[in-house]
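Chemist: Turn these sequences into a full structure, and let the hints steer you where they fit.
Numbering-wise (my numbering), the sequence shown opens with residue 1 and increments by one.
Hints in this document: simulated from the structure, not taken from any laboratory. Virtual Cβ for every residue (Gly too), placed ideally from N, Cα, C. Don't take each hint at face value.
[What the hints assert, rightly or not] Heads up, simulated SDA-like pairs for lysine to any residue below, C-alpha to C-alpha not over 25 Å straight-line: (1) K72 with L39; (2) K223 with E74; (3) K450 with K223; (4) K155 with E53; (5) K43 with W310.
[Said to hold, decoys possible] Label pairs and their calculated CB-CB ranges: (6) K72 with N293: 47 to 57 Å; (7) F361 with D67: 50 to 60 Å; (8) G203 with A118: 18 to 28 Å; (9) P320 with K200: 41 to 51 Å; (10) E499 with R409: 27 to 37 Å; (11) Y46 with R96: 13 to 23 Å.
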Amino acid sequence: MNDRTSCVLAVDIGTTSTKTLAIDPEGRVLAGRSAEYPLHTPKPGYAEQDPEEIFAAVLRTVRGVVDDAELKPEQVLCVSFSSAMHSLIAIDEDGRPLTPSITFADQRSAEQAERLNADGTGLDVYLRTGTPVHPMSPLVKLIWMREREPELLAKAKKWLGIKEYVLYRLFGRCVVDYSIASATGLFNLRELNWDAGALKLAGIGADRLPEPVPTTYKLTGLKTDFAERMGLSPDTPFVTGASDGVLANLGIGAAAPGLFGVTIGTSSAVRAMVDAPSLDPKGRLFCYALTENRWIVGGASNNGGIVAQWAAERLYPGKPMEAVIPLTESVPPGANGLLMMPLLSGERAPFWDANARGMWFGLKLAHREQHMLKAGLEGVLFQVRAIQSLLEERAGKPTRLLASGGFARSASWCQMAADLLGTPVAVPEIIESSGLGAAQLGYYALEDAKGPLLRWESAKAQVFEPNPERAAVYNELFPIYLGLYDKLKDSMKDLSGFERRQAIRG
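Modeler: Following this line, the structure appears as structure tokens:
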């Protein structure tokens with residue numbers, strides 16, 4: 001590497017792995033490393049991770065990128081962070097974790113979420129915080145703690161998310177950026193501070209939470225031993241950064257009217273950038289901060305690539321998902337009358353129903369594996385279309401969808417998306433969108449938020465145009481698909497109650 005080249009390190013703490021990229025001022029990726037870690041499900045509905053495993057992944061990937069790019073400490077301008085949202089960790093007086101990292105996928109607080117939504121409290125909280133009330137929300141997790149683990153709630157010195165835990169370990173300071181804070185259900189969007197009403201529901205004071213700071217806030221004073229382990233100078237500034245969702249839009253350039261970002265990774269989401277908080281009157285969309293004058297409104301589904309992976313593993317054992325998705329190209333749209341509701345992990349947008357369950361509907365003897373897989377891929381996209389329809393009410397109809405996440409690597413799935421969503425889908429040259437967004441935010445922070453936020457856009461993009469005939473088929477199927485949920489949601493709730501009773505019986 002040229003000694004005169006400088007870069008920003010972008011650390012993206014994801015649900016299944018941490019990825020670190022070295023990105024130069026022109027947006028070129030100089031090196032990248034990733035480290036995976038498991039999701040633990042010790043009881044039905046639980047979804048946890050070990051915060052120490054994730055912290056180790058951050059140290060390891062940063063050091064790996066520094067070594068791969070042959071960076072000298074002075075060449076690293078800053079380290080900027082992206083992170084998955086909605087995690088919750090309790091730490092004690094000495095900073096030791098009292099709990100695992102309870103992830104967005106954790107469903108243990110489903111009953112608390114249902115109660116808040118049933119009596120109208122949930123909508124009131126949403127209209128102040130921008131976070132729909134759902135078991136994913138740290139607010140609802142804390143209410144569960146107050147009711148089920150009051151001793152733990154009282155013992156905890158602080159409640160942090162995973163990124164805040166990493167920064168606390170590195171710097172000994174408890175801070176949270178406005179973006180992650182605005183995804184907790186505890187943060188008032190207009191006051192940019194902790195919401196008194198939400199704190200009362202949670203049973204904690206603001207002193208038990210990190211200090212809210214802008215997404216461009218710079219931490220200095222990196223602990224010497226960790227600086228050495230990462231190959232950095234103790235003087236290297238760390239930018240708090242933002243959540244992976246809002247940074248995905250920035251990373252792919254979905255920052256202008258008419259441009260929606262569509263991400264399908266483990267989960268899936270549709271988002272648009274707006275200049276002021278924009279809230280859905282029915283509480284169906286999130287609204288999260290990016291900077292103090294830019295906001296991301298949209299919706300996220302629990303069920304994205306994880307559904308495709310699940311279906312591929314069971315229908316085609318031993319074959320990689322990317323090898324079997326093209327087999328669906330021979331199957332007509334609508335999979336010969338087969339639909340799949342891909343609600344394998346409960347659901348966030350558009351239904352916000354932790355009791356939601358998956359199903360294939362319309363199975364006949366003539367259906368084969370490729371029909372079932374095709375219906376699964378289409379089902380994920382029907383969920384995306386339902387979210388997109390809600391988002392259009394807040395941000396207008398899109399002229400183009402900018403794709404990111406693992407699905408963007410599949411030409412078959414991208415063409416299916418263009419047909420089913422009825423909008424051109426553009427795939428940028430680099431699809432590590434959250435990392436690119438974190439790097440752009442890092443450069444923006446180094447310029448004291450006075451330069452361009454969107455520093456670069458991908459010059460090359462493959463565009464998939466909708467096929468009118470296939471789009472017409474999907475237009476006919478979409479209301480049938482949505483009707484399935486309406487007809488079956490009560491049965492899904494009954495089945496979920498049965499599962500909880502079975503779990504209690506052991």
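Chemist: All hints are to be evaluated individually against the structure, with a verdict given for each.
Modeler: Hint by hint, here is what the structure shows:
1. K72 with L39: 35 Å, violated
2. K223 with E74: Holds, at about 17 Å.
3. K450 with K223: Not OK: K450 and K223 at ~29 Å, beyond 25 Å, violated.
4. K155 with E53: Holds - the C-alpha atoms of E53 and K155 are around 23 Å apart, at most 25 Å.
5. K43 with W310: 20 Å, holds
6. K72 with N293: 47 to 57 Å: At roughly 36 Å between Cβ atoms, N293 and K72 fall outside 47 to 57 Å, so the hint is violated.
7. F361 with D67: 50 to 60 Å: Hint holds: Cβ distance 51 Å, inside 50 to 60 Å.
8. G203 with A118: 18 to 28 Å: Holds, since G203 and A118 (Cβ atoms, about 20 Å apart) stay within the stated range.
9. P320 with K200: 41 to 51 Å: 50 Å, holds
10. E499 with R409: 27 to 37 Å: 35 Å, holds
11. Y46 with R96: 13 to 23 Å: 21 Å, holds
Hint compliance for this structure: hints 1, 3 and 6 are not met, and every other hint is.
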